[in-house]
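Engineer: The chain contents come next:
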Amino acid sequence: MAHAMTAAEKILAAHAGRKQVVPGETVWARVDWCLANDITAPLAIEQMRAMGCDRVFDPARVILVPDHFVPAKDIASAAQARVMREFAREQGIVHYYEVGRMGIEHALLPELGILRPGDLLVGADSHTCTCGALGVFATGVGSTDLACAMALGELWFRVPATVRVEFRGRLPGWVGGKDLALFLISQLGTEGANYLALEFTGEAIAQLPLDGRLTLSNMAVEAGAKAGLVPVGPWQSDEEAPVAARYTWEVSHLEPQVACPYSPAQVVPVREVAGTPVDQVVIGSCTNGRLSDLAVAARILAGRKVHPQVRLIVIPATQDVYRRALEAGFIATFLEAGAAVSTPTCGPCLGGYMGVLAEGEVCLATTNRNFRGRMGHPESRVYLAGPAVAAATAVAGCIAHPEEVIGGGPHRG
Amino acid sequence: MARIAGRAWKFGDDVDTDVIIPARYLYTHDPGVLAAHCLEVADPRFPAGVRPGDVVVAGRNFGCGSSREHAPRALQACGVAAVVAASFARIFFRNAVNLGLLLVESPEAVERVQPGEYIEIDGEKGLLRLSSGETIPVRFPEGAAAEVQQAGGLVEYVRSRLAARAVPAPGAGAEGTIQGE
Ligand code: SF4
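Here the protein sequences come in this chain order: H and F. First residue of the first sequence: 1, per my numbering; consecutive thereafter. First residue of the second sequence: 414, per my numbering; consecutive thereafter.
In short, the hints are calculated from the structure, not lab data. Source: prediction; values computed, not measured. Some clues are possibly wrong.
Said to hold, decoys possible - So the derived list for chain H, only partly shown, Cβ under 8 Å to chain F, looks like this:
1) 23
2) 26
3) 57
4) 142
5) 336
To be verified - Reference listing, derived: stretches of chain F covered by chain H, where coverage requires no fewer than 3 residues with Cβ under 8 Å from a Cβ of chain H:
6) 475-489
7) 506-513
8) 554-561
9) 568-577
As the list claims (entries may be wrong) - Beta-carbon label-pair distances, calculated as ranges:
10) F:525 with H:114: 50 to 60 Å
11) F:427 with H:74: 31 to 41 Å
12) F:569 with H:373: 35 to 45 Å
Beta carbons are placed, not taken as given, at the ideal position from N, Cα and C, and that holds for glycine.
Generate coordinates for the entire structure from the input sequences, incorporating the hints supplied.
Structural biologist: This is the structure:
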């Protein structure tokens with residue numbers, strides 16, 4: 001009888017041409033997709049050439065997305081983006097997406113409809129784990145790794161043990177994938193899932209729309225995980241498969257969660273930090289820049305104004321999200337509320353541009369990292385939350401529960 | 414696998430990649446610059462005191478934090494022959510293997526080795542020898558990771574695999590066959 005395996009082990013075994021793999025062993029596996037961005041691709045391209053390789057293994061399986069510093073923020077970023085653009089042309093890369101047709105890579109990929117459950121995706125970006133929500137074994141690697149994957153169509157992997165996380169119950173209103181993600185990281189800690197594959201199951205996951213699952217898988221890496229899988233189709237874990245740990249959490253009474261500076265694991269229910277004044281709110285990123293995130297924000301902002309002392313920056317994660325938000329009237333709502341709306345970019349998430357913070361400034365963002373200096377000056381502070389809390393905070397001028405804003409509750413003067 | 418013999422430099426748990434090489438030096442990957450600042454945050458005597466062949470011995474989660482490949486490059490630039498740790502953070506582990514830096518996992522060895530002690534690592538026997546002569550069995554990267562390490566790193570590994578592909582298989586190109594089909 002075949003040995004019982006987890007979803008992650010089954011996918012790796014299938015790509016390694018093996019009947020079975022066990023956690024801890026390292027194997028060579030075929031990769032279906034290679035992903036890189038304008039920051040990580042240039043080094044990977046340099047390493048690929050050092051390997052003596054001048055053609056990628058398959059131009060239809062390499063995905064190159066300029067998103068971090070484009071539309072180019074300065075001359076150096078323009079030069080980096082050009083290295084990738086020229087490489088894409090020279091190699092005939094099928095999935096290269098230019099400014100005006102792109103999106104933040106981890107939000108763009110699921111939209112393309114090219115990934116299949118059971119695929120193996122490696123990306124030179126730590127949030128590559130986002131596509132785990134599609135049942136794909138998706139993991140972040142270094143640039144030299146990506147060079148190898150582009151050259152050979154193969155890469156070595158240490159097989160991770162799996163941690164099964166079950167979320168029981170129905171999520172209450174204003175609570176979504178981001179709140180589950182922050183709660184999870186607060187429970188596991190920032191290295192609690194190092195070397196491990198997280199697997200998400202349970203009623204709350206079954207009921208969570210795909211956008212919310214992508215948000216949850218996106219932040220698996222904030223607990224150190226190699227992958228954050230929602231198994232799909234035939235790629236399910238065998239019930240008897242050994243796992244490193246099992247957690248079960250009841251989430252029917254979960255409050256919206258907020259991560260405080262300077263760690264995504266420094267999490268409290270929103271009411272504990274309600275009233276904290278902010279200078280800026282950012283709604284966007286690969287974590288929460290999808291259409292349903294903008295829909296939640298628009299619901300709260302409709303007929304209301306951004307607080308006079310707050311700057312609200314809304315960045316649809318992809319061109320398609322932008323267009324659909326426009327059609328749905330969300331963009332008009334944001335503009336009428338007094339928000340700045342931008343073309344897709346990572347921009348402020350990594351302190352690149354489009355919302356860098358000055359010394360002492362406070363921002364609440366729907367992004368995924370709030371390390372010291374992540375969004376600007378080392379003495380600035382970033383709180384992380386979902387789009388409902390973010391929109392409510394933009395209106396109230398201070399961190400607020402969405403119900404307070406909808407119900408006309410406390411407000412910064 | 415070569416035998417390694419050198420002095421042990423001991424560090425604690427969670428030595429992150431910012432401690433191994435601070436971000437302010439990432440304007441370059443010049444080995445001289447990286448070596449001059451490697452681990453200076455954790456032990457200011459390290460960059461000047463380390464000698465080729467020395468071994469870094471540390472606790473759990475060595476190399477956590479940013480994914481920068483500069484961290485293993487800095488250790489190599491100092492002449493560090495191996496890192497012995499109770500455990501390694503995931504991306505550091507990959508980067509070190511890819512760059513051909515020897516990693517040894519052994520919580521027991523980490524506990525027993527004293528700072529400054531002269532130790533030997535015997536890859537063939539899978540042992541770490543303390544200065545007292547006592548030996549401790551240790552784990553090395555296995556399988557695919559070991560292949561990469563033995564090739565001298567991932568760039569070399571891929572180079573040789575591509576070169577092997579370029580060589581026609583025995584019999585290919587013999588009389589009567591069509592080239593370049
Ligand atoms: S939005 Fe932020 S976290 Fe996501 S890929 Fe861009 S920089 Fe990374």
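Engineer: Would you mind marking each hint as holding or not holding in the structure?
Structural biologist: Verification of the hints:
1. 23: violated, 12 Å
2. 26: Cβ of residue 26 (chain H) sits 4 Å from chain F, so the hint holds.
3. 57: violated, 11 Å
4. 142: holds, 5 Å
5. 336: Hint on residue 336 (chain H): violated, closest Cβ of chain F at ~41 Å, above 8 Å.
6. 475-489: Holds, because 3 residues of the segment 475-489 of chain F bring their Cβ atoms closer than 8 Å to Cβ atoms of chain H.
7. 506-513: holds (count 6)
8. 554-561: Since three or more residues must qualify, the claim that chain H covers the segment 554-561 of chain F holds, with 8 doing so at under 8 Å.
9. 568-577: holds (count 7)
10. F:525 with H:114: 50 to 60 Å: holds, 52 Å
11. F:427 with H:74: 31 to 41 Å: holds, 34 Å
12. F:569 with H:373: 35 to 45 Å: holds, 36 Å
Comparing the model with each earlier hint shows violations of hints 1, 3 and 5; every other hint is respected.
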